[in-house]
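Colleague: For reference, the chains in residue letters:
Protein chains: 2
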Amino acid sequence: MLNVVDQTLVNDLTSEPSSLQRRALAKIITLLESTRMDHRKRADDVLNALLPKTGKSFRLGISGVPGVGKSTLIETLGLYLINKGHRVAVLAIDPSSSLSGGSILGDKTRMERLSVLDNAFIRPSPSSCTLGGVAEKTREAMLVAEAAGFDIVIVETVGVGQSEIAVAGMTDMFLLMQLPNAGDDLQAIKKGVMEIADLIVINKADIDPDAAMRAQLFITSSLRLLGFQGNPEHASHNQEFWHPTVMTLSALEGVGLPELWEKILRFQELQNANGLLQARRKAQSGAWMSDRIDAGLKNAFQNHPAVQALLPDLSAQVNQGTMAASVAARRLLEAMGHEFF
Amino acid sequence: MLNVVDQTLVNDLTSEPSSLQRRALAKIITLLESTRMDHRKRADDVLNALLPKTGKSFRLGISGVPGVGKSTLIETLGLYLINKGHRVAVLAIDPSSSLSGGSILGDKTRMERLSVLDNAFIRPSPSSCTLGGVAEKTREAMLVAEAAGFDIVIVETVGVGQSEIAVAGMTDMFLLMQLPNAGDDLQAIKKGVMEIADLIVINKADIDPDAAMRAQLFITSSLRLLGFQGNPEHASHNQEFWHPTVMTLSALEGVGLPELWEKILRFQELQNANGLLQARRKAQSGAWMSDRIDAGLKNAFQNHPAVQALLPDLSAQVNQGTMAASVAARRLLEAMGHEFF
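From first to last, the protein sequence lines are chains A and B. Mapping to my numbering: the first sequence position 172 is 172, numbers consecutive. Mapping to my numbering: the second sequence position 100 is 100, numbers consecutive.
Mixed in with the good hints, there may be bad ones.
In silico DSBU-like links for lysine-lysine, alpha-carbon gap of 35 Å or less [unchecked claim]:
(1) B:Lys84 to B:Lys27
(2) B:Lys84 to B:Lys56
(3) A:Lys53 to B:Lys298
(4) B:Lys41 to B:Lys84
(5) B:Lys53 to B:Lys263
(6) A:Lys298 to A:Lys84
(7) B:Lys282 to B:Lys27
(8) B:Lys298 to A:Lys56
(9) A:Lys27 to A:Lys84
(10) B:Lys298 to A:Lys298
(11) B:Lys56 to A:Lys298
(12) A:Lys298 to B:Lys282
(13) A:Lys41 to B:Lys298
(14) A:Lys298 to B:Lys53
(15) A:Lys282 to B:Lys41
(16) A:Lys84 to A:Lys282
(17) A:Lys27 to A:Lys282
(18) B:Lys41 to B:Lys27
(19) A:Lys263 to A:Lys41
(20) B:Lys41 to A:Lys298
(21) B:Lys282 to B:Lys53
Partial list, derived from the structure: chain B residues whose beta carbon lies under 7 Å from chain A [claimed, not checked]:
(22) Asp44
(23) Gly55
(24) Glu136
(25) Leu260
(26) Ser285
(27) Trp288
(28) Arg292
(29) Ile293
(30) Phe301
(31) Ala324
(32) Ala325
(33) Ala328
(34) Ala329
(35) Leu333
(36) Ala335
(37) His338
Hints are computed from structural coordinates only; laboratory data are not their basis. Virtual Cβ for every residue (Gly too), placed ideally from N, Cα, C.
With the rest of the complex left out, here is chain A (with noise of 0.2 Å):
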């Protein structure tokens, strides 16, 4: 299936780490991302073969509001990893990447120590119109970076939105990051974010100790308030196994660092040893299935000629209340060639 140029990418990327290896992995990605419907084609071909070698490696993800410190725990939490073997591979969902033209998240100036050394790799966002776009794109890139070895992924976003929710929903663990300031924490429960989060950590606790240990209460207490300890909906939150935990930290001091690792350590002992990370990943790729038939039907309808021609007119009669909406969207399905009601 995979052509000359393909094939040998794909046998760069799975040889041992080289500079040939980091060229591979990041001419993979740039196919994936490519809007050119030939390079898709390639790109699904170049996924299969890769597919076997996937799946090896723990997946994190990290959030937090602008200014919370993302970049430096990343760049630390890396640093510390890739001393220990690890090979960490870091990549962004930044969902105004297609507006700004380029991403902030990922850039390689922001990780200085992190971003010279062979065992990381760093990716920015891709740009894409949708989030689902952007985080189909990641999804992918997380494969392809597991194929190539890379036992961490780090999949950062910013905190501002439906991104949390898609990158909890494509990775093992799921970090909160927070300032120690309550107001910042009832921002991110009011978006549901805090309900998905498997561990709570508070930034830049060195600059006012007191001010970070009363944000850790305060969150412990909140969480307990609102039930999302042992929340049942969410697999890894089995009260058995795991209470969400809030802990603090300094990520430019490194102080808490070996501490933040022995509890994602914990968590992932947990996680395997009771089959709920198999269960979270077979649930994910289930979701991202119906995501993305989901978006593609969207995208059929949207660019169906006969929907292009009857969807002003039958918007605009919904609008002002001379159709029933209930009746356009049958009209519009009638004219796609569907037959429902």
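We have chain A; now place chain B onto it with these hints.
Modeller: Showing chain B alone in chain A's frame:
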């Protein structure tokens, strides 16, 4: 467009209040709820004919867990309003009705005094395999009741899940009922229902007035703590115009009923004066149309022969990790004849 039978139904429905009108109302709703394709087409024509006469009622959504006293409040409020010269239709959304083969909500025996009045119309929940299907039929029934001159439409639902979101999405005001018991409030917060409530009513205040007052204080402070007051994403929760408020009453004793109606009128007044009602209804129509398009597209996908042939194998491959979810999604969409990436 209308055949003779349906034209007669429309004429009867839009005539003066009478037993003929009530029968036409019931018959048209039955037509809407039919799963026969020819019925559906007739129903669409009837809806289109009625649409100019719709939209003139006040649409009130009421939700709460089983046992909170919804039927008691609806009956008491309904009698109070009919006494003031209104005509009251009560519809229901019970997502479990398709399982039980019938609905406990809207059961006539529950509202004995209300159901016998000429100016009341009570209809149990339609049964359908999906919440979206139930909600659609209820929305359409609401339009028919409006065309029959009912100026207050109450849509009730059990407080057990997504159905509250559906009811809030089709009404002008969403009222959440609570028991004087702090544990239940937290349940509601967890599901994101508190966030969409325009008014929270603590019922059964007669049994333990102190507990009711404590619950009122607790919910009021929770709303403030969680930033749900003046939620800018919620059209009616514009801080300048309306703060979701909490009040106590006893539906059984009728204590607090005039105050409740006073508060509802104040809400209506503010919504009308500030164009929020129109904005909310437009947004609801738009969302309803996309919901139905999405449901129809999914339906067409699931019933497509090529999809049915490929889906089991592709799903199994994704589940076993031998194919990326995005690749499987693209294969299925291609099989339907959609080219996309």
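Colleague: Could you work out which earlier hints the structure fails to respect and list their numbers in ascending sequence?
Modeller: Of the numbered hints, 4, 6, 15, 19, 25 and 36 do not hold.
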